[in-house]
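Could you put together the complete structure from these sequences and hints?
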Amino acid sequence: MREDETLKVAIAETSVIIRSGLALVLKHVQGFKILPIEVISPESLLDCIRIHKPGVLIINPTFPVPFDVRKLKEETREFNMKCIALLCSVSDSALLKNYDDSFSLYDEPKILEGKLNKLLNVSEEIVTAGGQDILSVREKEIVTCVVKGMTNKEIADALFLSAHTVITHRRNIARKLQIHSPAGLTIYAIINKLIELQDIKEYL
Numbered sequence: 016m017r018e019d020e021t022l023k024v025a026i027a028e029t030s031v032i033i034r035s036g037l038a039l040v041l042k043h044v045q046g047f048k049i050l051p052i053e054v055i056s057p058e059s060l061l062d063c064i065r066i067h068k069p070g071v072l073i074i075n076p077t078f079p080v081p082f083d084v085r086k087l088k089e090e091t092r093e094f095n096m097k098c099i100a101l102l103c104s105v106s107d108s109a110l111l112k113n114y115d116d117s118f119s120l121y122d123e124p125k126i127l128e129g130k131l132n133k134l135l136n137v138s139e140e141i142v143t144a145g146g147q148d149i150l151s152v153r154e155k156e157i158v159t160c161v162v163k164g165m166t167n168k169e170i171a172d173a174l175f176l177s178a179h180t181v182i183t184h185r186r187n188i189a190r191k192l193q194i195h196s197p198a199g200l201t202i203y204a205i206i207n208k209l210i211e212l213q214d215i216k217e218y219l
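Quick note on the numbering used here: the sequence shown kicks off at 16 and runs consecutively.
It is worth saying that the hints were derived from the structure and are not from the lab.
Incorrect hints may have been included.
[Unchecked claim] Label pairs and their calculated CB-CB ranges:
{"#": "1", "residue 1": "58", "residue 2": "195", "range": "39 to 49 Å"}
{"#": "2", "residue 1": "57", "residue 2": "166", "range": "35 to 45 Å"}
{"#": "3", "residue 1": "65", "residue 2": "211", "range": "40 to 50 Å"}
{"#": "4", "residue 1": "31", "residue 2": "207", "range": "48 to 58 Å"}
Keep in mind that this is a model prediction, so the values were computed, not measured.
Note that CB positions come from ideal geometry on N, CA and C, so glycine has one too.
As structure tokens, then:
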């Protein structure tokens, strides 16, 4: 799987203003390269999911009437799609119990970014030292795997993650460290004692 893998996010909302606005916000969410897919009617929703196989569905629970998300999940369970309720008004909590999470129209984009990270198993735990961000435990594990020459698929298999999650972690690592090459990560790993030099030689 390529480093520039795209996360497809379907947006099911009848209002073109809300739908298009959310699509624009999603394109600027950090840590993901998102392709928004706009769904304008309940009739086209299932076809959209089967054709595009989005990783995430953001849907108004009243699309246009109380929507049976439980049934939708059963019909599309092969895609392992996460469902986020888009709240445009006060909603009955009973309507939200089958969603993976919810997002209010009035929330900041950072809130949505955090929910995507959480749903897609991207670790947000960051250890700080000297007032500067350093890598999480999971990110250190991925750095070690990269230095050993493992591919994204091999890392995903070894750490029981999806390839998409590995790629997202690697983007976050590059952003935090401002290191964009395996050679640079190797130097970082040695200096910070994430790996011993003799361990690297085994993979050269």
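Okay, the hints, checked on the actual structure:
1. 58 <-> 195: 39 to 49 Å: The hint (39 to 49 Å, Cβ to Cβ) holds, given that residue 58 and residue 195 are roughly 45 Å apart.
2. 57 <-> 166: 35 to 45 Å: holds, 41 Å
3. 65 <-> 211: 40 to 50 Å: Given about 49 Å between the Cβ atoms, the range holds.
4. 31 <-> 207: 48 to 58 Å: holds, 49 Å
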